[in-house]
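2 protein chains.
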Amino acid sequence: MRIAIAGAGAMGGRFGYMLQKSGQEVFYIDGWPENVDKMNRDGLTIEENGEERTIPVRAYHSKNIGPEQADLIILFVKSMQLSEMLEDLKSIIHKDTKVLCLLNGLGHVRTMERFIPRKNIYLGVTLWTAKLLGPARVHLSGDGNIELQNIAPEMTAGAEEIVAVLNQGGLKAKYSQDVLYSVWKKACVNGAMNAVCAILDCRLMDFRLVPEGDIFIQNIIKEFAWAAKVEDQVELDQTAILELIKFSLDPARQGEHYPSMHQDLVQQHRRTEIEYLNGYVWRLAKEKGAAAPYCEIITILTHGKEAILGVK
Amino acid sequence: MRIAIAGAGAMGGRFGYMLQKSGQEVFYIDGWPENVDKMNRDGLTIEENGEERTIPVRAYHSKNIGPEQADLIILFVKSMQLSEMLEDLKSIIHKDTKVLCLLNGLGHVRTMERFIPRKNIYLGVTLWTAKLLGPARVHLSGDGNIELQNIAPEMTAGAEEIVAVLNQGGLKAKYSQDVLYSVWKKACVNGAMNAVCAILDCRLMDFRLVPEGDIFIQNIIKEFAWAAKVEDQVELDQTAILELIKFSLDPARQGEHYPSMHQDLVQQHRRTEIEYLNGYVWRLAKEKGAAAPYCEIITILTHGKEAILGVK
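Note that the protein sequences, when read in sequence, are chains A and R.
FYI, in the working numbering the residues of the first sequence are 112 to 423.
FYI, in the working numbering the residues of the second sequence are 112 to 423.
A portion of the hints provided could be inaccurate.
Note: identical chains are not told apart, hence a pair may lie in one copy or across any two.
No farther apart than 30 Å at their CA atoms in a straight line, the calculated lysine-lysine pairs in the DSSO-like style are these [what the hints assert, rightly or not]: (1) 340 to 397; (2) 201 to 333; (3) 340 to 206; (4) 423 to 357.
These aren't lab readings, by the way, just hints derived from the structure by calculation.
These figures come from a predicted structure and were not determined experimentally.
Please work from the sequences and hints to get the whole structure.
So this is what it looks like as structure tokens:
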């Protein structure tokens, strides 16, 4: 299968590497010229278990994609780049090209539908992680998995085919009957903790010090649960998600970790994905004449911090 | 008149100095031993217009007040110290001792009523400022005024007497028919901008960069207006307050200024007065079965930052 990885950062590098090793024909598309140039010149370098391996790869800048098409595209761009990337990918998409979205956050299917027939859209959630060390250089550690599903009900066979390809690459994929639940659950966990750790400049475990922090978490969960129901008829289990969040605050688990928006905003002064998490819930509430004040304030404060830090 | 200044910081120093100069008998009560000792030993030093003047003063530690009583007590402690200070002041209060509260924030009359007969309680708002440079050393600059009112309707004469005494000291006092309006207005302006500048670590003028920041300000004002009405039958003019806040964000006005909670929390790692501003509105809403989500979240985040910074 000819597979395009759109977004050749840490996760794109991991997936491309694992798929290529299993015998698939993989090529990469990315918007960062240094990354693309180095991949073509020197290959992709993977660090894993203290070892380093470099494999030859083929990469294109997203504004200058060569004359080839893909049977499967796996999307790994940042949420705010999705629409532009799909525009750039037009030349590699044929009428049966499957497109799998593994981005965090909400609203991506809506965006994809503007470019891709619904029958070719697949949605997934992954727990794999990876770290980009520099252009064409990725560190792998830990274990992961993927669940994914077809968006068009009749395309289950297509999803199962993708699952099989990913599993050949050791990516532990599973067909899901209910991927939207997982997408909303992940968004809700991120929406509860991610931005607030950036605003308060703290690790997940530090949030346990916040007096009445539970009120905060519970209200965010409530707003996401409302949005999941209204938008996708998904009924989130609020109690289970609260437990999952408390679990993630444990220093023995992910507690030591600065979540991604802290990395983006505080550490790197980059724009956050807030509009695809809390911001999405807030805009949806406005659209429906409802209120989501927790998501609203967190979105305003996050954009506020972006603006004050001069992030473009 | 024998006047006790309870809280001999910057503002207490200013008021005491100006009143003493006009011929009143003033003494000071404070909880900071170094400050009290230096006042008694070397006097109170005032810097103003590039000049320095030291006057002899009499001061007591609040846990060790001498055998004298006051005709008027002016309260200048931090909100969270009010109750303890009133407890300490018992020995200097006789049945007609007038007590004037010039603290920022909400709920102080309720606290005072636990210690002082309602007829002796006076409430005021002042625009005077001052800066504490160290123990017994205060810098004065700028102009100010005071408005004040009796809490018990029959005590107007008492309020006018205080006004006269303050005016002899050049403190530009005015009898107010509606001091509660001014107290709520000031609390609302502080409630809208003070904590959020601490949370976002920015000056007033920087808040103008926050996209959709107006939504934030308007909602805070709305919640304070609700509270003012419910608690004190005060009808805040929300449009006028919004204009006043925008005016205060102007770099040509107070915009360059880091508001007091930024000074407390970010600069000095001290506890904030959030419970007497946004926190007060939130607790009131809860008590009345209503919601004040903006004040609620800002209170939680402010306490959160206090906790994360390890502020006691």
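Results of checking the hints against the structure:
1. When the C-alpha separation of residue 340 and residue 397 is checked against a cutoff of 30 Å, the pair qualifies both within a copy, at 15 Å, and between copies, at 27 Å.
2. In this homomeric assembly, residue 201 and residue 333 never come within 30 Å of each other (Cα to Cα): the closest approach is 39 Å inside a single copy and 49 Å across copies.
3. For the identical chains of this complex, residue 340 and residue 206 are neighbours neither inside a copy (32 Å) nor across copies (63 Å), given an alpha-carbon limit of 30 Å.
4. Proximity of residue 423 and residue 357 under a CA criterion of 30 Å is satisfied inter-copy only: 25 Å between copies versus 33 Å inside one chain copy.
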